[in-house]
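**Q** Take a look at the letters that make up each chain.
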Amino acid sequence: MRLSFYPGCSLEGMANDYARSIDTVFRDLGIDLVEIEDWSCCGATAAHSLSQTMSVVLPARNLAVAEKMGLDIVSPCAMCFNRLRFSQNMIRKKVFDIPWHVTGEIRVHDMTRFMAEPSMIKSIKKRVLKPLNGLRVVCYYGCQMVRPPKITGYTDYENPQTMDRIIATTGAQVIDWSYKSTCCGASIGIARREIQESLTRRILQKAQQAGAEAIVVSCPLCQSNLDIIQKDRSDRRTPIFYFTELLRLSFMESGDPKLFKMHFADPVSLLKAKRLL
Amino acid sequence: MQNIISDLDQAHEHDPGKKRKLIGDRGDFFLNRMQGETGVNISACYQCERCTNACPVSHFMDIKPHQAIRYVQLGWREDLLKSSTIWICLSCEMCTTYCPNEVDVAEIIHHLRNMAVHSPITPKEKNLAVFHQTFLEVLRKYGRINEFRLMNAYYLKPDILHERIKNKTLKEDLLLGMTLLRKGRLKLFTPKSRAIKEIKKAYSQTRGEIV
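Residue numbers (my numbering), protein chains in the order written: chain A, 29 to 305; chain B, 506 to 716.
For the record, the hints were derived by calculation from the structure and aren't laboratory data.
Note that the Cβ used here is the ideal one computed from N, Cα and C, for glycine as well.
Interface residues of chain B toward chain A, partial, derived using beta-carbon atoms under 7 Å: (1) SER596; (2) CYS597; (3) THR601; (4) PHE640; (5) GLY648; (6) LYS692; (7) ALA700; (8) THR711.
A few chain B residues that don't get close to chain A, going by computed Cβ distances all over 10 Å: (9) ILE528; (10) CYS553; (11) ARG555; (12) THR627.
Assemble the whole structure, with the sequences as input and the hints as a guide.
**A** Set out below in structure tokens:
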């Protein structure tokens, strides 16, 4: 299977461990990811805030390139996925003039839903070498991947299940909780740190109350928010994994602690205690 | 909140010091304009406050989301553009998702942001506005965002730097930056997008320049 891959800016910087784990996992599953040629930023919240036209035009360029390649897009970043879908919607409505030839007919998948399809779950199951038995996790989806349902296409936006299904396949115990899609504060911490901290702390707290030892995410911004806030708390650290990191771990005979060196809340001791490393 | 009348006896008396706004004296010009530009049926709002209840940051806002919609209906434009509401919004889309009448509240707030930056009004949450601005500047220059470049550009804005030095958070942020570098999470140089020329052109076009 071949798909075009829109990594997004974070995967080159803050989340380059996510990018590496995606590479490994997709290679293991035998899916060919072709990076969109000279892709550019989707504009994220900034474009949407300051210029509505830019928020449609910027993702449209990537859609145009992918259409030329003739491959469906899969996007690992929640924000990029949301923006691409939004732009596609607007293109179909023909509200804005796009400088490139683009029809908006291509399919844009978010990575978790693509991997949670029954056929993919089957091939993940076949590939698991070392089940992550005994690891208790909660899955955190964040906002942009599931909301607004009209754009993202999620029907279970109040209690999304895609990541839960994927992680359950690896053998880890997935705990149900109520804060799956509560906002983590996004980029507001740059100017109003107290707002972001109050939101992020609450999510961490609720995860711990639910009995989770780690949180599984798929959004680079959620990961850095939840992870960096734990930089100076030595007690009760809750590691924040990308879901592909756990997949990669379960695909390997023996894990490597070096793979997790980018984390602030160090997961190595937890994984060693569970004999997964 | 200026419309809440605390003293019931005074409710109908004219207070010359505090001029109360009249409801309905502005017609529906602003409402129609907003509806036209966002494609959202704002008149459908019946003030059930579901948006405000769903909003994770409504307690940090001076005008609550449902009030913001009412303000649009009444045409109280300048209050909205001066408010912190439009900048505090996280675009988490809770309000949009839960509105029973399909009023896209987040989209309206985004549109108000658009209006605010194109007006002479200084945003109440100036730092957030400057951050968005910086994001677009970096995007225009490189086509992709690199966190290192973005944060550098943001901290080097004169107002921001001054404020960070004054409230002593600069050191903390620098230390965090060092840790991120050591952990390999900040990449100093990432390649420009090869399509940078197209992006620059599109950017100028959206700003009304003839290219």
